[in-house]
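Residue numbers (our numbering), protein chains in the order written: chain A, 1 to 155; chain B, 1 to 103.
These aren't lab readings, by the way, just hints derived from the structure by calculation.
Hints are not guaranteed to be accurate.
Restricting the straight-line Cα-Cα distance to at most 30 Å, the calculated cross-link-like pairs of lysine-lysine (DSS-like) are [said to hold, decoys possible]:
no.: 1; chain 1: A; residue 1: LYS62; chain 2: B; residue 2: LYS32
no.: 2; chain 1: B; residue 1: LYS74; chain 2: A; residue 2: LYS144
no.: 3; chain 1: A; residue 1: LYS38; chain 2: B; residue 2: LYS45
no.: 4; chain 1: B; residue 1: LYS92; chain 2: A; residue 2: LYS144
no.: 5; chain 1: B; residue 1: LYS92; chain 2: A; residue 2: LYS51
no.: 6; chain 1: B; residue 1: LYS74; chain 2: A; residue 2: LYS147
no.: 7; chain 1: B; residue 1: LYS92; chain 2: A; residue 2: LYS44
no.: 8; chain 1: A; residue 1: LYS44; chain 2: B; residue 2: LYS12
no.: 9; chain 1: B; residue 1: LYS92; chain 2: A; residue 2: LYS62
no.: 10; chain 1: A; residue 1: LYS138; chain 2: B; residue 2: LYS92
Examples of chain B residues lying across from chain A (beta carbon under 10 Å, computed) [said to hold, decoys possible]:
no.: 11; residue: GLU46
no.: 12; residue: ILE61
no.: 13; residue: LYS67
no.: 14; residue: ASN68
The C-beta atom is built at its ideal place from N, Cα and C for all residues, glycine as well.
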Amino acid sequence: MNNQRRNVLKTGSGAALLSVLASAGIIAPGMALAEWNKAAFDAKSMADTLKALGAGAPADSKDVQVTGPDIAENGAVVPVGVTSTLPNVTMVAILIEKNPSALAASFNLPAGTEANVQTRVKMGQTSNVYALVKSDGKFFMANKEIKVTLGGCGG
Amino acid sequence: MGNPMKIRAASKDGVTEVKVLISHEMETGQRKDSAGAVVPAWWIKELTAKHNDKIVLTSEIGSSVSKNPYLAFKFKGGAKGDKIVVTWVDNKGDTRTDEAAIA
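Bound-form chain B, shown alone (with noise of 0.2 Å):
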């Protein structure tokens, strides 16, 4: 399941900015353990944003984005207490949802 991902949305100007902290290894599959066994690759594969129940930013993501993914996006519209609500889903199926309003 992962851990809680850090979610900070802010509305200013008609214009709400999104940032997301995602807790994840993002194992590439290329790095060997101490051991030289292959690490297996453990990546986000997709994410997908929403406001309310409107989606505002899917991804696709590869193994080359950093370990614990930091993403910021900005969208027209948005007002305070609204909802942002972010999913992701990686190369083994785990999936986590949270959620945040916007401040």
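One chain only, chain A, in its complex shape (with noise of 0.2 Å):
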């Protein structure tokens, strides 16, 4: 048992922490540190989670789908994947209209990983669901609504 390895998880700070694990060459240097964007996970509506992803109005396209359930009838589960056959996609985002935050998670791709995540999402009521994808650098969407019979968050 690495006695040293424990103490630092213990007493370590998320900074302290995250940055001698970079320094051990556990997460590389860089990402570890990369801005969680909290602009865009704590905006309510989904016009400020777009501009606080740099999104501004991105264009409906067809090359985007979002695939998920017609009906989900638990919201603390509801599958929801993203693809598309844009070229260069460097970004994936899911985004929930009506949940507190409408952001949900984004990935970025990059060079070799395709343009095909999914995930499970919390969702507290029918809604629709954007899938924001970042092509070429410019951004698209694509939405699918998705109803839910039992809400799954709080109550």
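Hints in hand, dock the two standalone chains.
Structure below.
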């Protein structure tokens, strides 16, 4: 058992821990310290979220698809995926219009990673789910309405 | 530290599909417990996936991702036996790294 490592994990504050891990080479420097986009996650409305992501007013595109159920019985676990056939996709984000904060997650895709991401999200109520995709520096969007019969946020 | 992640990676026709199941509460900070007190928010903020030493995905995650998050993605390349390393960091500064070999 490596006691030193234990202590670091126990006592290290977030930033200190990250820098320790970074210097130990566990997390590449720069990656770990990439700024979590607080403004985007705190934004309440779709428009504010898009602004915080630097997306402005994305164009609707048929080459972006949101996959998910038409009706989700349990809003706590809604499988949602984003796929796109657009070239050079560098970012994919999932936004849920009527959740307390619209942005669920954003993914940065280095070259070689396909624009095909699946995850599971919580939905408070029936809402449009948007997929935001950045392709060749431009933003595109698509949406799908998912009906929720039982909310997944508190209650 | 959290419990171990389940990571499955399979390579087919030059494309590797990675599936990750993370064990985490993902508390939104909007739920109240039986006594009416707000349960503090606790969620994974960042996730990084690497193929050998090359980053194949980074993610910023909000509290509206489900409890015990599931994530699947695909990248070009990757051969049987290559290493996939996934690291997450939550809002309390807790972190965990797990790895798996491509099948």
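Do the hints match the structure? See the list:
1. LYS62/A - LYS32/B: Answer violated: LYS62/A to LYS32/B is near 41 Å, above 30 Å.
2. LYS74/B - LYS144/A: The given pair, whose Cα atoms are some 22 Å apart, holds under the 30 Å limit.
3. LYS38/A - LYS45/B: Roughly 10 Å between the alpha carbons, so the hint for LYS38/A and LYS45/B holds.
4. LYS92/B - LYS144/A: 33 Å, violated
5. LYS92/B - LYS51/A: 27 Å, holds
6. LYS74/B - LYS147/A: 28 Å, holds
7. LYS92/B - LYS44/A: Distance of about 23 Å is within 30 Å: holds.
8. LYS44/A - LYS12/B: With a Cα-Cα distance of about 41 Å, the restraint between LYS44/A and LYS12/B is violated, given a limit of 30 Å.
9. LYS92/B - LYS62/A: Measuring from Cα to Cα gives roughly 39 Å; hence the hint is violated.
10. LYS138/A - LYS92/B: Violated - the C-alpha atoms of LYS92/B and LYS138/A are around 34 Å apart, more than 30 Å.
11. GLU46: OK, holds: GLU46/B within 10 Å of chain A, min 6 Å.
12. ILE61: 5 Å, holds
13. LYS67: 7 Å, holds
14. ASN68: ASN68/B check passes; min Cβ-Cβ to chain A is 8 Å, inside 10 Å.
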